[in-house]
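Under the UniProt record's numbering, the first residue of the sequence shown is numbered 1, with each subsequent residue one higher.
Source of the hints: derived by calculation from the structure; they are not laboratory data.
Hints may contain errors.
What the hints assert, rightly or not - As a list, the in silico SDA-like pairs of lysine to any residue whose alpha-carbon atoms are at most 25 Å apart:
hint: 1; residue 1: Lys32; residue 2: Leu56
hint: 2; residue 1: Lys64; residue 2: Arg78
hint: 3; residue 1: Lys64; residue 2: Glu35
hint: 4; residue 1: Lys64; residue 2: Glu75
hint: 5; residue 1: Lys32; residue 2: Asn105
hint: 6; residue 1: Lys32; residue 2: Gly99
Claimed, not checked - DEER-style ranges, computed between Cβ atoms:
hint: 7; residue 1: Pro30; residue 2: Gly177; range: 40 to 48 Å
hint: 8; residue 1: Arg189; residue 2: Ala47; range: 17 to 25 Å
hint: 9; residue 1: Glu146; residue 2: Gln65; range: 38 to 46 Å
hint: 10; residue 1: Ala47; residue 2: Leu193; range: 19 to 27 Å
hint: 11; residue 1: Thr248; residue 2: Val101; range: 26 to 34 Å
Built from N, CA and C at the ideal position, the CB exists for glycine as well.
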Amino acid sequence: MNGATSGKALSEPARTDGIPIAAGGSVLRPLKAAEVVAREVVRRIRADGLQPGDNLPSEAEMLKQYGVSRESLREGLRLLEVQGMISIRRGPGGGPVVGTVDSANLGRMEALFFHMAGATYDELFAAWVFAESTLARMAAANPDAEARQSAMTPYLTGEVEDIEHADLEVYISGHEGFHGAVSALAGNRVFQLTFRAYGQLVAHHLATIGDVRTIHQALVDDHLQLAQAIVSGDSEAAASIMENHLTTVAEINRAEFGVRLQGSVEWL
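Taking the hints into account, I'd like the entire structure generated from these sequences.
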């Protein structure tokens with residue numbers, strides 16, 4: 001969940017008769033020069049083992065390295081910047097810096113496709129419940145009992161979540177921390193990123209509509225039960241508790257969403 005969002009974007013339901021979802025075919029289209037640059041920068045980041053905050057070569061160095069125009073290079077870097085893969089530091093000593101792999105950025109891009117396809121909030125909620133319940137089941141099935149214990153200990157001891165933060169966005173970010181810990185235990189980075197993107201997208205929308213702090217204690221209690229099920233390795237219990245947990249969160253916001261539930265997901 002990144003940045004503040006005006007409630008205006010969700011003021012009325014958008015049309016749901018969106019663009020038909022294509023069967024495929026564009027996956028083999030030739031890449032533009034800027035896309036080639038973006039791909040090569042990403043490959044270099046991986047090959048060199050760079051981490052968030054590490055500096056990338058200067059523009060002059062990259063122009064020489066990739067043999068493209070300044071316009072193509074800058075466009076390629078902007079493509080990565082929009083995805084959060086890099087950031088651009090301004091001023092003296094600035095330049096491109098390695099960013100993070102964040103499911104929130106993936107969720108933002110998915111929202112664009114959902115919106116164009118006419119996918120509704122009801123559909124998003126259904127996908128969210130399915131995805132997070134699946135991650136909870138996988139987390140409890142993680143064969144590393146020590147890892148399960150370590151990740152869930154803060155939620156077993158009450159070390160976190162005891163206090164309702166005054167800032168709703170900060171509060172929801174903290175709530176999302178638990179779900180991030182669960183997804184990390186799932187042991188599948190593709191599921192972790194794609195499934196968590198639904199949760200990040202829902203959290204972003206809920207922060208503009210409702211206030212989950214009204215059921216703060218219920219959320220904390222659910223997290224405790226989930227943590228216990230995951231630590232004990234009870235996959236079915238973990239999935240069931242997660243499903244009930246998210247259904248509760250969704251239901252308290254349905255009255256606020258009203259007719260918007262049948263409207264298409266907005267690109268925020």
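The hints, checked one at a time:
1. Among the hinted pairs, lysine 32 with leucine 56 is consistent with the structure: their alpha-carbon atoms are about 22 Å apart, no more than 25 Å.
2. Taking the CA atoms of lysine 64 and arginine 78, the gap is near 18 Å; set against the 25 Å cutoff, the hint holds.
3. Restraint check for lysine 64 and glutamate 35: satisfied, since their Cα atoms lie roughly 17 Å apart, inside the 25 Å limit.
4. Of the pairs offered as hints, the one joining lysine 64 and glutamate 75 holds, with about 16 Å between alpha carbons and a cut-off of 25 Å not exceeded.
5. Taking the CA atoms of lysine 32 and asparagine 105, the gap is near 22 Å; set against the 25 Å cutoff, the hint holds.
6. With a C-alpha separation of about 23 Å, the suggested pairing of lysine 32 with glycine 99 holds against the 25 Å cut-off.
7. A hinted range of 40 to 48 Å holds for the C-beta pair proline 30 and glycine 177, which are about 42 Å apart.
8. A hinted range of 17 to 25 Å for the beta carbons of arginine 189 and alanine 47 is consistent with their spacing of about 18 Å.
9. In this structure the hint that glutamate 146 and glutamine 65 lie 38 to 46 Å apart at CB holds, the actual value being about 43 Å.
10. Against the hinted window of 19 to 27 Å, the Cβ-Cβ separation of alanine 47 and leucine 193 comes to about 21 Å, which satisfies the hint.
11. Against the hinted window of 26 to 34 Å, the Cβ-Cβ separation of threonine 248 and valine 101 comes to about 30 Å, which satisfies the hint.
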